[in-house]
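So the sequence lines, in the order shown, correspond to chains R and F. The first sequence maps to residues 1 to 256 in the numbering used here. The second sequence maps to residues 1 to 258 in the numbering used here.
Read the hints as simulated data drawn from the structure, not as lab findings. This list has only true hints and no planted wrong ones.
Cross-link-like lysine-lysine pairs, in silico, BS3-like; alpha carbons within 30 Å at most:
1) LYS253/F - LYS77/R
2) LYS77/R - LYS122/R
3) LYS253/F - LYS122/R
4) LYS146/R - LYS131/R
5) LYS14/R - LYS249/F
6) LYS10/F - LYS123/R
7) LYS168/F - LYS77/R
8) LYS123/R - LYS53/R
9) LYS249/F - LYS16/R
10) LYS122/R - LYS10/F
11) LYS141/R - LYS24/F
12) LYS9/R - LYS249/F
Distance windows between CB atoms, simulated:
13) GLY147/F - PRO104/R: 34 to 44 Å
14) ILE246/F - LYS122/R: 32 to 42 Å
15) LEU202/F - LYS146/R: 41 to 51 Å
16) THR225/F - LYS146/R: 49 to 59 Å
17) GLN43/R - LEU241/F: 34 to 44 Å
18) PRO135/F - ALA80/R: 47 to 57 Å
19) LEU245/F - PRO104/R: 32 to 42 Å
20) ARG26/F - ALA80/R: 25 to 35 Å
Each residue gets a CB set at the ideal place from its N, CA and C atoms; glycine is no exception.
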Amino acid sequence: MSEYALSVKNISKKFKIHHEERDSIFESMTGFFQKGKHSETLQALDSISFDVKQGEIFGIIGPNGGGKSTLLRIISKIYAPDSGSVDVNGSIIPILALGLGFHPEFTAVTNIYQSSILLGFKKETIDSRVKEIIEFAELEKFADTKVKNFSSGMLMRLAFATSVLVDPDILIVDEVLAVGDANFQKKCAETIVSFKKRGKAIIFVSHDMSAIREHADRAMFLNNGKSEIIGSPDDVIAAYGDFCRERDKRGNVSNE
Amino acid sequence: MTSIREEMWKNRGILFNFAISDLKIRYRNSILGVLWSVIEPLLMLSVLYFVFSSMFKFDIPNFPIYLLLGIIIYNCFRNGTTIALNSLTNRAPLITQIYFPRSIPAISSAITASIMLAIEVGILLIFMVAFQFVPPITMLLLPLVLGLQFMFVVGVCLPLSVLNVRFKDTEFIWNVVVHASFFLTPIFYQFDMLPEYVQNILQFSPMVQILTMAHHVVLYGMLPTVTSILYAVCSISVISLIGYLIFRKYQTKIVEDM
Chain R
1 MSEYALSVKN
11 ISKKFKIHHE
21 ERDSIFESMT
31 GFFQKGKHSE
41 TLQALDSISF
51 DVKQGEIFGI
61 IGPNGGGKST
71 LLRIISKIYA
81 PDSGSVDVNG
91 SIIPILALGL
101 GFHPEFTAVT
111 NIYQSSILLG
121 FKKETIDSRV
131 KEIIEFAELE
141 KFADTKVKNF
151 SSGMLMRLAF
161 ATSVLVDPDI
171 LIVDEVLAVG
181 DANFQKKCAE
191 TIVSFKKRGK
201 AIIFVSHDMS
211 AIREHADRAM
221 FLNNGKSEII
231 GSPDDVIAAY
241 GDFCRERDKR
251 GNVSNE
Chain F
1 MTSIREEMWK
11 NRGILFNFAI
21 SDLKIRYRNS
31 ILGVLWSVIE
41 PLLMLSVLYF
51 VFSSMFKFDI
61 PNFPIYLLLG
71 IIIYNCFRNG
81 TTIALNSLTN
91 RAPLITQIYF
101 PRSIPAISSA
111 ITASIMLAIE
121 VGILLIFMVA
131 FQFVPPITML
141 LLPLVLGLQF
151 MFVVGVCLPL
161 SVLNVRFKDT
171 EFIWNVVVHA
181 SFFLTPIFYQ
191 FDMLPEYVQN
201 ILQFSPMVQI
211 LTMAHHVVLY
221 GMLPTVTSIL
231 YAVCSISVIS
241 LIGYLIFRKY
251 QTKIVEDM
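Chain R extracted, bound-state conformation (with noise of 0.2 Å):
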């Protein structure tokens, strides 16, 4: 028996981009009487949709500005879709950036504290884990540290070590864990293998082919805002590799 962990139909998101920023109310009377010269639409995803079982890892590729993020975002209800729907089966919890919202004028454990309230977690959960979090993360000695002065690596470990021992249902990570060294890395796949044990869900999106060919059940490759094929990691990776040689030989003969 295998349940959806998560179920995602036909999302679509428009973005407007804004060639002139208009912050004021002033501008935006005034730009209302010149529409569509200060903006366009951007299709960031146009109906995706998939599935993910629990103890499915799903990668997620594909080239800069194709949608990943945002579609990780719409997953984790940070974006509003303009149609479509998620469903989600469990608590979820989303590393989209370098840290989980972490606010830097508090230190490690108070932002251990405030990420996983507001993602939903109990105080008492947190108490009997704070400890192993820190040591997860290696920051024994930064416990009481504030967080602005850690570095990139401290910061992403904390928000990683967070993230798995306060055990969601499902983890979605964007490509941030590459900023580890090899120990942290080794680590990180160890648990993400007893992640998928446990029956969790995992989607991450990375441009590491070979994490993706070892990791990943199922991967998506997202293209503009399309998604192109969702399948086994070496049909996507393939896919994924003829589309680059493509778009290389697009470049050169424009070059010539």
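Starting from the known structure of chain R, fit chain F onto it as the hints suggest.
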């Protein structure tokens, strides 16, 4: 509206967490720290007292207490709304990376202001002892009046927090509103000193009605008049409803506007 109330209850832990951190951030790097929420209204009181009792010879009974009551109720409105203005923008990293109900920062701003108000009510009580003023039994109704004020502040904070993300003008416009409301609320004068046509306009201001009710229950030992209650409840409902609609319209877009 009911969804907001449910969200508030479900997220009460976060609400207080935000309210406390707002207070901490407000007073960090200041030597006197939270004492400022005591000193500031007292300084304001002494200036106003000097100006209006020595220079303008106002003759309002129990003037220091009358003034202080007005100041603390006005302060709650001012503090709540000005904290709410930047409550979302100050949390940009959090909001762009984690989903939580977008109403929380605005509501927690109102809670922050209420915590400060509670401290200031303490000063009011000390003043009553110092001036040997025996408050009438109707003062027990003050919490109800302040509850109404809390609803009003929340109703204003919600739209302000999202509007200031989209339009930075909100902050400047609001500063003028806050400044004007200090003079358009009977803090240092009595409402019936005003010309009648001004009274007719200002009676629609929730702040005027709330402060009038507070004067009635704390100073005069009278129940709030039915007209006051009616005007206050109606104007607060209208403002909160419009505020809620604005909030609902803009809340899904705030991350894109940040």
